[in-house]
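Protein chains: 2
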Amino acid sequence: MDRLTVIKVGGKVVEDPESLNSLLDQFNKVSGYKILVHGGGSTATEIADKLGIETKMVDGRRITDAKMLQVVTMVYGGLVNKQIVAGLQARNCNAVGLTGADLDLIRAKKRPVKDIDYGFVGDVDDVNTRELRLLINENIVPVIAPLTHDGSGNLLNTNADTIASEIATELSNHFSVYLFYCFEKRGVLRDAEDESSVIFDLDTTLFNKYKNEGVISAGMIPKLENGFRAKHKGVKEVLITNTKNIATGKGTRLV
Amino acid sequence: MDRLTVIKVGGKVVEDPESLNSLLDQFNKVSGYKILVHGGGSTATEIADKLGIETKMVDGRRITDAKMLQVVTMVYGGLVNKQIVAGLQARNCNAVGLTGADLDLIRAKKRPVKDIDYGFVGDVDDVNTRELRLLINENIVPVIAPLTHDGSGNLLNTNADTIASEIATELSNHFSVYLFYCFEKRGVLRDAEDESSVIFDLDTTLFNKYKNEGVISAGMIPKLENGFRAKHKGVKEVLITNTKNIATGKGTRLV
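As given, the protein sequences belong to chains A and B, one line each in that order. Under numbering that gives the first Met the number 0, the letters of the first sequence match residues 0 to 254, in that order. Under numbering that gives the first Met the number 0, the letters of the second sequence match residues 0 to 254, in that order.
Keep in mind that the hints were calculated from the coordinates and are not lab data. These numbers come from a predicted model, not from an experiment. Watch out, some of these pointers could steer you wrong.
Note: identical chains are not told apart, hence a pair may lie in one copy or across any two.
Said to hold, decoys possible - Simulated crosslink set (DSS-like; lysine-lysine; CA at most 25 Å straight-line): (1) 210 with 28; (2) 208 with 184; (3) 11 with 66; (4) 210 with 184; (5) 109 with 208; (6) 28 with 113; (7) 66 with 243; (8) 208 with 55; (9) 235 with 108; (10) 208 with 49; (11) 113 with 235; (12) 249 with 208.
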């Protein structure tokens with residue numbers, strides 16, 4: 000099967016012009032078929048703030064009422080997504096910016112209200128890879144914003160890590176899929192203060208040990224759980240790294 | 000050749016949820032291949048205003064400085080475009096939202112500064128129909144926002160009427176293209192106050208006569224000039240109508 004690399008980058012990376020350009024240069028060097036999934040970042044908070052819409056976060060997740068949904072639709076689906084696409088086109092990379100509503104790519108269910116009402120936040124139900132494969136096979140590079148839809152006309156705010164792992168998993172029936180989670184550090188660190196303490200190979204036993212010892216931070220846990228699940232379901236390789244290393248493939252490998 | 004309908008709708012139609020739903024219902028009834036091109040409308044002005052960015056218009060065209068470009072990218076490429084896409088998907092219409100940067104669809108040149116510096120406003124240079132035809136032939140419905148790019152990483156604000164006529168013209172080599180311009184009235188009126196005074200057939204002689212007599216309003220003139228040019232270059236039919244009549248094809252026909 001052909002190689003396909005799914006690269007997820009956080010919002011921070013794409014907000015600063017310098018780090019965005021560096022990301023796009025690196026991404027452009029990745030050979031073979033590829034998909035970029037991007038997060039939202041703090042621009043949504045800034046814009047919401049200026050529009051007089053209050054940002055509420057619970058455990059790092061954004062509470063998305065109707066007005067906040069408009070903000071994230073604008074910022075993730077418009078501003079961030081189209082700037083990436085224009086930047087890739089300038090590098091002769093034939094990108095197309097998509098949300099989960101486009102091509103009915105990702106259907107989600109509005110998260111049920113239990114203790115917390117997250118509002119218009121979607122949990123992924125179904126990834127439709129038919130049109131995605133059509134694009135990929137034409138050497139088109141999908142750039143995916145963290146938005147899905149419910150099939151009834153509503154867009155939903157959806158975690159970008161989850162979107163990346165769901166897409167990687169579904170496409171692993173058709174491609175040899177490499178899933179890269181990029182963040183600020185070179186990988187999962189044994190010591191948060193020491194960039195040279197990268198854990199190169201991480202298995203579930205070690206993960207559980209480090210989790211219990213508090214070595215792996217709270218924010219990294221769902222990302223790694225997503226990653227292990229994707230690997231278990233057929234993704235060939237899952238790597239946690241920074242954007243500088245996406246072309247070389249160095250970082251923390253889930254094994 | 001197969002029939003392809005290119006429908007351009009103004010910003011006003013898509014801003015109000017009721018008229019948007021009515022448009023999407025009507026659009027969904029149009030048979031054969033189709034493309035929707037949408038304008039921006041006053042939401043960009045509202046959002047810019049709230050963000051403390053001043054809106055400057057010259058002859059109905061928006062002066063687009065760097066900050067205003069961010070606003071129109073958010074509003075046209077994100078909010079408006081994705082709401083239309085989600086609404087069409089809810090009607091089982093397989094829509095994909097695109098700007099001119101996506102798939103390198105529309106390259107434009109930043110308008111040279113003469114009397115007025117329009118800022119990041121683009122004049123269309125080149126329409127690339129290859130990927131567009133690939134989508135259309137898969138029964139995918141492109142929904143196009145009024146944004147183009149310069150190939151060097153910059154998005155540009157571009158008139159939606161022009162985008163619609165350029166796309167219609169380029170695709171007329173491959174399809175039998177019908178170009179519909181939708182606005183508030185049932186067609187071009189002999190008497191602006193009388194909705195029943197629709198001019199059903201308008202040729203260039205009559206157009207020039209009415210233009211000189213002031214019967215045709217200033218805003219309608221560039222739209223009609225665009226339309227006549229498209230018809231001259233191979234578009235099979237150009238119709239000026241309102242969104243209620245796009246499935247029936249009643250209105251002012253350019254002949």
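message: Treating 25 Å as the Cα threshold, decide for residue 235 and residue 108: within, between, both or neither.
response: The answer is neither: 28 Å in one copy and 43 Å across copies each exceed 25 Å.
- prompt: 25 Å Cα cut-off: does residue 113 pair with residue 235 within a copy, between copies, both or neither?
  reply: Answer is neither: 35 Å inside a copy and 57 Å across each miss the 25 Å cutoff.
query: Should residue 208 paired with residue 184 be assigned to within, between, both, or neither, using CA atoms and 25 Å as the limit?
result: within (21 Å within a copy, 69 Å between copies)
task: State whether the alpha carbon distance between residue 208 and residue 49 is at most 25 Å within one copy, between copies, both, or neither.
output: Neither. Shortest intra-copy (44 Å) and inter-copy (50 Å) distances fail the 25 Å Cα cut-off.
query: When no copy is named, should residue 28 and residue 113 be tagged within, between, both, or neither for a Cα gap of at most 25 Å?
result: neither (44 Å within a copy, 40 Å between copies)
query: Between residue 66 and residue 243, at a C-alpha cutoff of 25 Å, which is it: within one copy, between copies, both, or neither?
result: Answer is neither: 36 Å inside a copy and 29 Å across each miss the 25 Å cutoff.
message: At most 25 Å between CA atoms: does that hold for residue 249 and residue 208 within a copy, between copies, both, or neither?
response: Answer is within: at 23 Å inside a copy they meet the 25 Å cutoff, but 71 Å across does not.
- request: Using 25 Å as the alpha carbon limit, work out where residue 210 and residue 28 are close: within a copy, between copies, both or neither.
  value: For residue 210 and residue 28, neither the intra-copy (34 Å) nor the inter-copy (55 Å) Cα distance is at most 25 Å.
- request: Have a look at residue 109 and residue 208 and pick one of within, between, both or neither, based on CA distance no larger than 25 Å.
  value: Close neither inside one copy (34 Å) nor across copies (57 Å); limit 25 Å.
message: When Cα atoms must be at most 25 Å apart, do residue 11 and residue 66 count as within-copy, between-copy, both, or neither?
response: Both: 22 Å inside a copy, 20 Å across copies.
query: Can you tell me if residue 208 and residue 55 fall within 25 Å by alpha carbon in one copy, between copies, both or neither?
result: This pair counts as neither: shortest intra-copy Cα distance 32 Å, inter-copy 60 Å.
- prompt: Are the CA atoms of residue 210 and residue 184 at most 25 Å apart within a copy, between copies, both, or neither?
  reply: within (18 Å within a copy, 65 Å between copies)
Consistency with the previously given hints fails for numbers 1, 5, 6, 7, 8, 9, 10 and 11, ordered from lowest to highest.
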